[in-house]
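Q: For reference, the chains in residue letters:
There are 2 protein chains.
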Amino acid sequence: MAVPPPASVGDPLDWVDTPALILDLDAFERNIERMAQAVGASGIRLRPHAKTHKCPEIARRQVAAGAIGVCAQKVSEAEALVDGGVDDVFVSNEIVGARKLERLARLARRARVSVCVDDPQNVIDLDQAAAAAGARLDVLVEVNVGGDRCGVEPCEPVVRLASDVKAAGHLRFAGIQAYHGHAQHLRSVDARRSAIEDAIERVHQTRNALERNGIDCPTVTGAGTGTYPFEMRSGVYNELQPGSYVFMDADYLRNDWSGFLRFEQSLFVLSTVMSRAAPGRAVLDAGMKALSVDSGMPMIAGWPGVTYLQASDEHGQLAIEPEVAGPKLGEKLMLIPGHCDPTVNMHDWYVCVRGGVVEALWPVSARGSGS
Amino acid sequence: MAVPPPASVGDPLDWVDTPALILDLDAFERNIERMAQAVGASGIRLRPHAKTHKCPEIARRQVAAGAIGVCAQKVSEAEALVDGGVDDVFVSNEIVGARKLERLARLARRARVSVCVDDPQNVIDLDQAAAAAGARLDVLVEVNVGGDRCGVEPCEPVVRLASDVKAAGHLRFAGIQAYHGHAQHLRSVDARRSAIEDAIERVHQTRNALERNGIDCPTVTGAGTGTYPFEMRSGVYNELQPGSYVFMDADYLRNDWSGFLRFEQSLFVLSTVMSRAAPGRAVLDAGMKALSVDSGMPMIAGWPGVTYLQASDEHGQLAIEPEVAGPKLGEKLMLIPGHCDPTVNMHDWYVCVRGGVVEALWPVSARGSGS
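Chains as they are written, first to last, in our numbering: chain A, 47 to 417; chain B, 47 to 417.
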C-alpha cells in the first residue's frame, strides 16, 4: 500500500519518473504569499481550503503565512491535517453517520474543530457524539447562497437551526457557512460578481434575522479563488476559504481575471511520450488515472501546436499540427491539469521542484476516497 | 499514507463507512467462473486485464479459475502483482524511460514478464535493460487494429519490428498485441462485430506477412469485455485479455448484449445521504474523489425515481422525482460507477460483502497514478 515516490531529493526534473505530480516551489510560494498579503491587508481572516492539496505540509505553510487555520471537507482529511500538525480545522461540510461523528468528536479533543449543519437531526447527532467524546464542537449553519447543493435557505431556517445548536449542551454556534461553489468557475468577472452580490444579500438578510432573534453570529465564512475579492469587500464575510489559488488549473485559467490579483500555475503532471507510432500522433503515459478530466483535458506547457486530445485510462492522446515536429519518444512534457483538486487526489506524492531540481517530496497524506 | 479500511470483517454492510468500494462476492465469483468457462471451452488462453482491479488477490483467483496469467498496463502494476504472488504478467503497453525499463527487466528475474513495443529505439532500450539485469524479456509487437493510439500499422511495419526483436540478444519475439479499445464501448452488437472483423483482418494479414518472412508468431492477444466472443471465434487470436467483466459498470450496461453471455454488476460505491436541505434535493458524500465521471454519472441501485445528477469534488447531487419520497438523511445508497477502472483507482480497499456482511478487505495494492 505504500506507493514509492517517483523521484529522490536532488534528482534533476528530467529524471523524475512519470506520471508524477510536480509542484513548482517558486510559483507555489509566491501564490501563498500573495493571497496571505491580499487578505491580510483587508483585515479579515484567511482559512484556505485544504481539500485542494490534502497535504499537512502545505497547510502549515499557509498558517505560517498568516492563515488562522484551514478548511477540510471530510473527517479523514481533518484527521490527516491534525496528525500533520494543524491545530485549527473547519470541516466546511455536513458530517453524517455515527462512525464519522464519533471520529470528528474525538478529533475535537486534540484540535480546534468546527463543522457545518443543515439539518435538525444532524444537530442532535452531533451533540450526542460530542457528549460521548467529552468534547465541545463549534458548529456553523450552512446557508444556501445560490448553489442549491447543501445548506438551508436564508433567514428563518438558519435562525431555527442556530437556535437548535445554541440549545445543545455540547455544541457552540459559531456562525454561518456561505460558500457559492458554482460561482467560482463562471467565466466573466461580471457573472461572478453578480452571483456573489446575490450571495452577499442572502447573508446580510440572514445575519440580520439572527440579530433580530438575539443570536450573535461570530463568523461568516465562504469564498473561493474565483470570487474571494467580492466576499472580502462585502462587509459581511469575515473569513475566506479559497483553495485552488495555491496551484491553479486549466479550468481556472479559462476564467477572465481582469482586475484580479493573478496567481501562477504551480501544479503540473509530468508525463512521458510513450508512443510515436505514426506522424501527427503521440501518446503520453498520463491518462485518467493520473489526471481528472471532469473539467476538460489538460493543457500542455511549452508546446505550441501540440494538444492533449483525449484521455483513456493510462494514455493521453496528443494531436500534433502538421507544421510542428512534436515531442520525441521518451520526451517529458509538463501538463496543466484541467481540475487541480481531483487530480491531486490520484497521486501519493508531490515532487517539489526548484530550479529544475527536486527539493522535497511531500506525501498527499489526506488522499483517498475519504470517509 | 496508510489509509485505514472503511469497515472491519464481520460488519454488516449498513455499518460500512462511506464512501466505500463494495464488492458483491457472489456476483464477482460468478463473473470469474463464467468467463473462465466460456474461454476455457473455446480452447484458447485467458489472460484477464488487471488494470481493472489492481488487486493481486483478484488476479490469483482469476488464475485459480484457469487464466494463464494476467495483463498489467504499468510497471508499477506488474510489480505489485508479482509481489502479490502472480508469476506471469504481460505488460500490454509500451514502457519508455530508463528507470521504468530497469525495473521491468529486474522484475523479469522474478516472474515471467512480457511487454509491448511499437518503436525500434524502444527495442534497443529494452534489450539493453534486459542485458543489464541479466534477464530475458518476451516482447510482443503492438499493431494498430483501428484504435489509432499506440501500435504500428499492420504487416510490414510489424515484420520490421519483429525482426529487430529477434535480432536482439536479450529479447524473445512472443507475438502481437492487437487490442481494439474503442470497439469495446460501441453500443450495438453489429458495430462491435464490424470493428473486430476489421481488426481480425488486419491481424490475419499481419500474421501471414510474418510467416512469409519466416517469423513464427506464437501469441496473438487482445479483446475486452465488449468484444471478446468475436476475437475468441476468429481463428487468429489465441489469447484474450478482458478485464471489466469481473465488475461491470454503468457504461458497459449501456451496451447492447444480445447474444452475449451476461456478466453481473459486482462493484458498487456505497454512499451516505449527507444533506436533505430541500424537498426534491439530496446530496451524497461520494463525488469526483470517489467516482470517475469520465463515462457519465453513476447509476443508483434500487431507487427508481432518484437520479445522480451532478458530481462535484466531494458531493453527488441527486434529483428526486416529485412523486417519490427519496432517501432520508443518513440513508446509504449503492452506486454503480460510470467507469470501473478509474473509479477503483481512487480507493484503497475493496470491502468484500456476502449476504449483507463484510467477509474480507482486499487492498487495491496496485493503485496509484502509476509509473
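There could be a bad hint or two in this list.
Identical copies look the same in the list; a pair holds intra-copy or inter-copy alike.
Claimed, not checked - Within a straight-line C-alpha distance of at most 20 Å, the following computed EDC-like cross-link-like pairs (lysine to aspartate or glutamate) qualify:
1) Lys212 / Asp302
2) Lys374 / Asp194
3) Lys374 / Asp171
4) Lys374 / Glu199
5) Lys378 / Asp171
Keep in mind the hints are simulated off the structure, nothing from the lab.
Q: Could you run down the list of hints and mark each one as holding or not?
A: Okay, the hints, checked on the actual structure:
no.	hint	result
1	Lys212 / Asp302	neither (42 Å within a copy, 56 Å between copies)
2	Lys374 / Asp194	between (48 Å within a copy, 18 Å between copies)
3	Lys374 / Asp171	between (59 Å within a copy, 15 Å between copies)
4	Lys374 / Glu199	between (56 Å within a copy, 19 Å between copies)
5	Lys378 / Asp171	between (51 Å within a copy, 17 Å between copies)
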